[in-house]
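A.B. asks: So the protein sequences, as listed, match chains A and B.
Reminder that position 110 of the first sequence reads as 110 in UniProt numbering, one-by-one numbering, no gaps.
Reminder that position 92 of the second sequence reads as 92 in UniProt numbering, one-by-one numbering, no gaps.
For the record, the hints were derived by calculation from the structure and aren't laboratory data.
Keep in mind that this is a model prediction, so the values were computed, not measured.
Among the hints, a few may not be true.
Each pair may be met inside one copy or between any two copies, as identical chains are not told apart.
[Said to hold, decoys possible] The calculated DSS-like cross-link candidates involving lysine-lysine, where the alpha carbons are at most 27 Å apart (straight line), are: (1) Lys43 / Lys88; (2) Lys43 / Lys85; (3) Lys43 / Lys86.
Number of protein chains: 2
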Amino acid sequence: MSNTQVLAASEPGGATSGVPCVPPVGERPFSAGEAEAAARMFKALGDPVRLRLFSLIASHEGGEACVCDISDVGVAQPTVSHHLKKLKEAGLLTSERRGTWVYYRVEGPVLASVARLLGHFG
Amino acid sequence: MSNTQVLAASEPGGATSGVPCVPPVGERPFSAGEAEAAARMFKALGDPVRLRLFSLIASHEGGEACVCDISDVGVAQPTVSHHLKKLKEAGLLTSERRGTWVYYRVEGPVLASVARLLGHFG
Chain A
1 MSNTQVLAAS
11 EPGGATSGVP
21 CVPPVGERPF
31 SAGEAEAAAR
41 MFKALGDPVR
51 LRLFSLIASH
61 EGGEACVCDI
71 SDVGVAQPTV
81 SHHLKKLKEA
91 GLLTSERRGT
101 WVYYRVEGPV
111 LASVARLLGH
121 FG
Chain B
1 MSNTQVLAAS
11 EPGGATSGVP
21 CVPPVGERPF
31 SAGEAEAAAR
41 MFKALGDPVR
51 LRLFSLIASH
61 EGGEACVCDI
71 SDVGVAQPTV
81 SHHLKKLKEA
91 GLLTSERRGT
101 WVYYRVEGPV
111 LASVARLLGH
121 FG
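My request is simple: use the sequences and hints to build the entire structure.
C.D. replies: As structure tokens, then:
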């Protein structure tokens, strides 16, 4: 099962929703599988350059940015591509080619499910 | 400035509050310093064993657990201690010795500020 599937259950139509299978962190101890899935997300966000790239895309109009918009974080293009790939693998971004450029979009429901993991504490 | 200070501004009394200095990820691109501070938190949560330990403490009564309660995640005690230290360094846990045992407590406001980073997207 992919990481996105564990963290965001599939809707009948096949699209991912924001419904998390992993409970909020204060509800009960995570199982090994839940911890694996959630840790993969946090690890993807746990690099400063990757997080800057992610915030750049997330704060761009419509939560989407062209690679041509995201080359000013002080690292070379291959490094940018590497980080974007990691964020895609974690399910936090999707990408789409339109003509010359690839556009990256934040997966809002997945991000929301990660936020819910940490919320409702106490 | 410590990580906790960047993510959770100090209250007049000196205790940390949940007010984040780092904005939600969809608000504007993070600065290098903001990304550093936030990535450190995510990195601390980005290990499956560490995350299981964290969820175990967070879901324990009062968001607090004795080390004697948290030895059943399938790793040796020195590994448990190593992970708890990393979570403390990130500002996500505090600890206190009471008699024989050390008690670990989740820093609720810091956790909430990390959740807010990911929330309010779109």
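A.B. asks: Each hint should be assessed against the structure and marked as holding or not.
C.D. replies: Status of the hints after comparison with the structure:
1. Taking the closest pair of Cα atoms, Lys43 and Lys88 come within 27 Å of each other both inside a single copy (13 Å) and across two copies (17 Å).
2. For the homomeric pair Lys43 and Lys85, the shortest alpha-carbon distances inside one copy (13 Å) and between copies (18 Å) are both at most 27 Å.
3. Both within a single protomer and between protomers do Lys43 and Lys86 lie at most 27 Å apart by alpha-carbon distance, with minima of 10 Å and 14 Å respectively.
Comparing the model with each earlier hint shows no violations; every hint is respected.
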